[in-house]
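Sequence lines, in order, name chains G and E.
Each residue of the first sequence is one higher than the last, beginning at 1 in the working numbering.
Each residue of the second sequence is one higher than the last, beginning at 1001 in the working numbering.
These are calculated hints, taken from the structure and not from any lab test.
Note that the structure is predicted; figures quoted are calculated from it, not measured.
Hints may contain errors.
As the list claims (entries may be wrong) - Just some of the chain E residues that point at chain G, by a computed CB distance under 8 Å:
{"no.": "1", "residue": "I1066"}
{"no.": "2", "residue": "G1074"}
{"no.": "3", "residue": "Y1077"}
{"no.": "4", "residue": "L1079"}
{"no.": "5", "residue": "L1101"}
{"no.": "6", "residue": "P1261"}
{"no.": "7", "residue": "R1264"}
{"no.": "8", "residue": "L1351"}
Every residue gets a Cβ at the ideal spot worked out from N, C-alpha and C, and that includes glycine.
Number of protein chains: 2
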Amino acid sequence: MGSLLSPSPLALVPFVSVAQMMTLVGRVGLDTLLKSLADQIEADFRRWPVFDKMPRVPIHSRDGVIEVMPTSDGSYYSLKYVNGHPANLARGYQTVTAFGLFARVDTGYPLLLSEMTLLTALRTAATSALAARYLASPSAKTMAIIGNGAQCEFQAVAFREIVGVETIHLFDVNPDATAKAMRNLAEVGIDARAFATREEAVARADIITTCTADKRNATILTDNLVGSGQHINAIGGDCPGKTELHRDVLLRAKIFTEFTPQSRIEGEIQQLDDDYPVTELWRLISGDAPGRETERDITVFDSVGFAIEDFAALRVIHDLVGRHPDLAEPLDLIADPDDPRDLYGMLKRALGTAASNGATD
Amino acid sequence: MGSLLSPSPLALVPFVSVAQMMTLVGRVGLDTLLKSLADQIEADFRRWPVFDKMPRVPIHSRDGVIEVMPTSDGSYYSLKYVNGHPANLARGYQTVTAFGLFARVDTGYPLLLSEMTLLTALRTAATSALAARYLASPSAKTMAIIGNGAQCEFQAVAFREIVGVETIHLFDVNPDATAKAMRNLAEVGIDARAFATREEAVARADIITTCTADKRNATILTDNLVGSGQHINAIGGDCPGKTELHRDVLLRAKIFTEFTPQSRIEGEIQQLDDDYPVTELWRLISGDAPGRETERDITVFDSVGFAIEDFAALRVIHDLVGRHPDLAEPLDLIADPDDPRDLYGMLKRALGTAASNGATD
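This is chain G alone, in the form it adopts within the complex:
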């Protein structure tokens, strides 16, 4: 009788927990997974026009923001829940946590539920590196990372794998963060150097990544710090009132965005006029728009994170779970009565089962 409480296969949604995501990274290899993510993001950016696109949907509060990011290519649908709470760090909580869903559009049934705290860190690094492969000088070998928090090492590994970066310059206002990154990067054989000032860290870098977490208009990079030919990968300025670059840096640069209507709200370009010219990265990837035109151009990837990146990431994980079924556990998420009209009947039979089980216990 207990089987009446057991869901049908249709009702079960594969769930990838944090532990399983870590196991998956271990099995596939971090380098390989970052490369797969960048390849899928590139492929999905190439077919950008087929996607339903909207700025993410935020609910702001004093302490932070909770957002949902939906998109669809007409066959699949993805949704990410993500929070951003800078004050969490002081409380011993993650600043950013996330989970996501991948679903079929024709039935609306979920195909995968997954942790996305780790996966967001991975896809953010993969997107940054993909953009830099198109935007940085082809000879770029050195990257400065300003802000050595949770995103730092993922950026370093992704840029080594995807861009060919060989040396990382680290700076953080908190030396403990830099020390942590130094230890982690040393273990994977990345040549990382700690600097006492941001000036020194960025001076000889071909690429500058800013990934700080303060929720305010900060000036991580002023105009005098940026030299000709540098590519800036600005990923920490990602919500209204939170930017990292001085406005003058933007005015000297060619600016590339993900989905411009969202970037106008959240990105570095919130500091500029609403019609200031920027180029969406997908146009460059599709060959529709030029990127860097001379060795002296300053390029900025004003990244805030967009739903199509999460779509691509969930798709990669969904494919991997298909090949490694032990990396997910079935979750009884969808009520699936024998007769779809008879949801009440399913409940009633389950209650009858529970009652009779109770009686015989």
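Once you've looked at the hints, dock chain E against the given chain G.
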């Protein structure tokens, strides 16, 4: 060593599966749970102005719609994923499936993940009955239900418990659906009668509930079918292009909505001008606006389902899970490193563990 892959308590989110939701209904009792849901929805509607409110966020496709419904009262945040795919019925899938999340606003950390296919059916019925308690004639004892699908029995039970309805008149274009509802309602002692035509079903009813599933502009109720004094609980017309009432019925009635900007898009009132006067139910509940003024008034609750109802429902379930911890299972959804800055380090240690486990296997 394996404990490095085990999440900390902070990382675990209680998950209520479909089976656990059914067990919860059995333990609390369907009548009692519907009453609790109506009470919480009423309480939350009373403090309507404190909530962040927006129309739900849809992605439409040929086959249906996938929506997310976020809201927050400043302390808690809720999100529902829900699909609506009328064609699913013919494929043996549910037309509507849903799951939801309840989270803390101050940290953005999830407090509860829950199935919401069943819970949506329950909260929809509770909301309908709550509205009817305010809008139907105080002497209402008979309700017609046009459309005897998945929502039908929940409406009948909720109206008995919350409104005092004693007799249910059933009609469906598919007699099998009516027969299914007759069987289910007989078992819970509800006096239900099947009718061969909708005219006969609604003729002597004090309340008419329409809950059909076709995704088109249907005319379930024409003007000649509706008599003075009747309350219409219109819940099936809930997305653009899907309505159930003839426009003339609306023009004779006093119309009540949940969140009007969403109802203008999705509800029966999409047939009316954008400034046609309607009253939001919360105003009536708060004593700010009149409801039924004479025994001859025709009232329409143009219900499409709003995020605050899901918020209230998730809150009730969250409270119940607090008292019955066995009704949820811990889900490893949130990455929670010892040092929040060191997400990569958590991954690295896990990989080290996995590798060394592999070596000793």
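Hints and how they fare:
no.: 1; hint: I1066; in the structure: holds (5 Å)
no.: 2; hint: G1074; in the structure: holds (6 Å)
no.: 3; hint: Y1077; in the structure: holds (5 Å)
no.: 4; hint: L1079; in the structure: holds (6 Å)
no.: 5; hint: L1101; in the structure: holds (6 Å)
no.: 6; hint: P1261; in the structure: violated (15 Å)
no.: 7; hint: R1264; in the structure: violated (19 Å)
no.: 8; hint: L1351; in the structure: holds (4 Å)
In the structure shown, a violation is registered for the earlier hints numbered 6, 7, in ascending order.
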